[in-house]
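Got chain A sorted already, so can you dock chain B onto it with the hints?
Protein chains: 2
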Amino acid sequence: MKKNVLIIGAGGVAQVVAHKCAQNNDVLGDINIASRTASKGDDIIASVHEKGAMKVEGVLKGHGVDATDSAAVATLIRETGSEIVINVGTAFVNMHVLDGCIETGAAYIDTAIHEEPDKICETPPWYANYEWKKRDLCAEKGITAILGAGFDPGVVNAYARFAIDHMDEVHSIDIVDINAGSHGKYFATNFDPEINFREFTGTVYSWQEGAWQENKMFEVGRVWDLPVVGPSQSYMSGHDEVHSLATNYPEADVRFWMGFGDHYINVFTVLQNIGLLSEQPVTTAEGLEVVPLKVVKACLPDPASLAPDYTGKTCIGDLVKGTKDGAPVEMFVYNVADHKEAYLEVGSQGISYTAGVPPVAAAMLVASGEWDAKTMKNVEELDPKPFFTILDRIGLPTRVQLGGLGGEDKAWND
Amino acid sequence: MKKNVLIIGAGGVAQVVAHKCAQNNDVLGDINIASRTASKGDDIIASVHEKGAMKVEGVLKGHGVDATDSAAVATLIRETGSEIVINVGTAFVNMHVLDGCIETGAAYIDTAIHEEPDKICETPPWYANYEWKKRDLCAEKGITAILGAGFDPGVVNAYARFAIDHMDEVHSIDIVDINAGSHGKYFATNFDPEINFREFTGTVYSWQEGAWQENKMFEVGRVWDLPVVGPSQSYMSGHDEVHSLATNYPEADVRFWMGFGDHYINVFTVLQNIGLLSEQPVTTAEGLEVVPLKVVKACLPDPASLAPDYTGKTCIGDLVKGTKDGAPVEMFVYNVADHKEAYLEVGSQGISYTAGVPPVAAAMLVASGEWDAKTMKNVEELDPKPFFTILDRIGLPTRVQLGGLGGEDKAWND
Chain A
1 MKKNVLIIGA GGVAQVVAHK CAQNNDVLGD INIASRTASK GDDIIASVHE KGAMKVEGVL
61 KGHGVDATDS AAVATLIRET GSEIVINVGT AFVNMHVLDG CIETGAAYID TAIHEEPDKI
121 CETPPWYANY EWKKRDLCAE KGITAILGAG FDPGVVNAYA RFAIDHMDEV HSIDIVDINA
181 GSHGKYFATN FDPEINFREF TGTVYSWQEG AWQENKMFEV GRVWDLPVVG PSQSYMSGHD
241 EVHSLATNYP EADVRFWMGF GDHYINVFTV LQNIGLLSEQ PVTTAEGLEV VPLKVVKACL
301 PDPASLAPDY TGKTCIGDLV KGTKDGAPVE MFVYNVADHK EAYLEVGSQG ISYTAGVPPV
361 AAAMLVASGE WDAKTMKNVE ELDPKPFFTI LDRIGLPTRV QLGGLGGEDK AWND
Chain B
1 MKKNVLIIGA GGVAQVVAHK CAQNNDVLGD INIASRTASK GDDIIASVHE KGAMKVEGVL
61 KGHGVDATDS AAVATLIRET GSEIVINVGT AFVNMHVLDG CIETGAAYID TAIHEEPDKI
121 CETPPWYANY EWKKRDLCAE KGITAILGAG FDPGVVNAYA RFAIDHMDEV HSIDIVDINA
181 GSHGKYFATN FDPEINFREF TGTVYSWQEG AWQENKMFEV GRVWDLPVVG PSQSYMSGHD
241 EVHSLATNYP EADVRFWMGF GDHYINVFTV LQNIGLLSEQ PVTTAEGLEV VPLKVVKACL
301 PDPASLAPDY TGKTCIGDLV KGTKDGAPVE MFVYNVADHK EAYLEVGSQG ISYTAGVPPV
361 AAAMLVASGE WDAKTMKNVE ELDPKPFFTI LDRIGLPTRV QLGGLGGEDK AWND
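If you read the sequences in order, they're chains A and B.
Last residue of the first sequence: 414 in full-length UniProt numbering, with the numbers rising by one and none dropped.
Last residue of the second sequence: 414 in full-length UniProt numbering, with the numbers rising by one and none dropped.
Heads up, some of the hints might be wrong.
No copy is singled out in the list; a pair is fine if it fits within one copy or between any two copies.
[Said to hold, decoys possible] Once the Cα atoms are required to be at most 25 Å apart in a straight line, the calculated DSS-like pairs of lysine-lysine come out as:
id: 1; residue 1: Lys185; residue 2: Lys313
id: 2; residue 1: Lys119; residue 2: Lys297
id: 3; residue 1: Lys321; residue 2: Lys40
id: 4; residue 1: Lys185; residue 2: Lys216
id: 5; residue 1: Lys385; residue 2: Lys340
id: 6; residue 1: Lys374; residue 2: Lys297
id: 7; residue 1: Lys340; residue 2: Lys55
Don't read these hints as lab results, they were simulated from the structure.
Chain A extracted, bound-state conformation:
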């Protein structure tokens, strides 16, 4: 049983996390928000109070912290009495925040793999380059660390586990992420452009036929006919969850498919070919050293600013194929979320919502003890059913289609 949450980060996802923690502060206790710029946390706190989101009276407070300084993170964990840290800062801070948790005994929850600013798409499995190096230490010290507990990675890992639990053998896991919404801007990314583009500028790793396969971005396309959003163009992409699922289920092909329209691809292609998505610095004629991708980020709309005008739905799910009693079986496990409903509830767009709700559900399971694993876990290594139960209640209900896409459609627990 743990309580009191420290949220690291104050972007669009952190806003959702804060609202959801507030809505469940009877279970979670004190809520503290820490980011480089303390005023961003204050804006989130104002938004929480504006919506009257605090379930019971309690602490909701903002702090300034350099999250790359693990000692400073540890100090803040101690000062705030936090036993659970939800890290939704940039992926560049993960290892530092994790170190702060290991130092203090707090549970650690994040939503993406650690990245170093000057490296992209490193050797698979990506987790092995960073977080998993601390796995033995977490076990030894009894530290609960739940990795990649957003939507994807996160909920989709639980979807895979849930489907696999209904099978004798698993043959393939295809994770499909389609945002069929519209933000009305010429171009925008739905979360931090720097992290978003970095996903697509390197090698696309998939796990197929028992080995890591390499492709280029936009090389392998597929149209999926999904519930609610209909036929959707997607491309095989690199993504965090492929790296843990392939490690845990090496007998299955594991692929990730991200939806892209022609306009996105055109803009991406232009920026990429010119070199503007590079994470390596260039030097201007005036001698200023600057990372092009950071300038593109500065020019693009803040993802949080998209929320008020965002309409339409997302559909994210896993098509899992295997066998049961010797016969082939398929299951599509998925969620459909709505941008406008997300905005009305927590002031954020649907992508932030789907990313921010799950780590709060995970925190509630750590608080209750159900997921307080006292070691490092990826989400597919934990029981998915209590996770789904909370997600159903706090905004991201899980549905399944039996027999694969287009099959009998029902709630996961019907």
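Frame of chain A, contents of chain B only:
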């Protein structure tokens, strides 16, 4: 009679200027090259010697100078004994170099209108915002200043004057600039990307029906069926020469048409819509203030680097319409240049070649006294015939089509 040339700048155009000055150093005397980075001048000097371009033995020397420091420019003019300055540095230095010439009595020749880094497409006529403010001073002090003596502006102003000299009345001047060459890169600009894009990010000014008209870039398109390069898509664009020609020939419509392919327009549109072509600084998440356009420039190929692989031709000319003896007349005056031939001769691509040869022709006319005007002039205010005579000889022959495009085709002096 003036002699000894100081070249300001050491980019692709300066390379052509240096080669052409060297080929004509019997007339021009000493050649000195000054740029911010002295080593760039040394590279040009090495290239001149490699091609054996010096017609007679003489001075060819590089210098470092901050061309925005007019006193430093004046000192260098005096130290080198230069009586003619060819300014092919960035357009941001023009007024400072001009001041250095006025200070020392040297003749001034440039190829574009002065620009301030933080302003684009100012109030027309553009020359009135900068150079023309020094016109009275030049006249008073007997300073020869020849403005815009590249190809466009420059040779095309002389083309207009030449055609108009054959008419009683002029009704319209359409300047068409088509580069039908191929550089083999995904995307590149043919001269300084910063200056290139700045031409197209603001209002398109044209002079029509006796007034300045405003359009957006790519709003007005036209296909011209040109000699050698054939039918070519173009768009009405803002350009320097429109501003002097409209002032000197207010009775004529004056328009500038720049050739663009769909790929260029797509890349430009993406960069422009995202804000990456802005000359106004943005601040990155890390707090670094940076001008996006300067970063785009740093990412794009150096225009000089395009030269070795550039193939194909350019066609630049003026379609001038008017009346003669009461009947309508048309004349297309033009030049066709070849990228590969330019590279073989002077190590530069065709766009640099067409821009760099004319100011050397102008310098030779200042040296001979024919264009030593002792005041400030735009090119259409000077006799075009001696200019064409030298251009014919040094690499940019002038041809005409009588009766307009597709009419009888002959050399200008046939």
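Verification of the supplied hints:
Proximity of lysine 185 and lysine 313 under a CA criterion of 25 Å is satisfied intra-copy only: 17 Å inside one chain copy versus 39 Å between copies. In the homo-oligomer, the alpha carbons of lysine 119 and lysine 297 lie at most 25 Å apart both inside one protomer (17 Å) and across protomers (24 Å), since each shortest distance falls under that limit. In this assembly of identical chains, the alpha carbons of lysine 321 and lysine 40 never lie at most 25 Å apart, being 44 Å within a copy and 63 Å across copies at closest. For a Cα distance limit of 25 Å, the shortest separation of lysine 185 from lysine 216 across copies, 20 Å, qualifies, whereas the shortest one inside one copy, 27 Å, does not.
For the identical chains of this complex, lysine 385 and lysine 340 are neighbours neither inside a copy (28 Å) nor across copies (70 Å), given an alpha-carbon limit of 25 Å. Taking the shortest Cα distances, lysine 374 and lysine 297 never come within 25 Å of each other, neither inside one copy (38 Å) nor across copies (52 Å). Taking the closest pair of Cα atoms, lysine 340 and lysine 55 come within 25 Å of each other only inside a single copy of the chain (23 Å); across copies the shortest separation is 75 Å, beyond that limit.
Hint compliance for this structure: hints 3, 5 and 6 are not met, and every other hint is.
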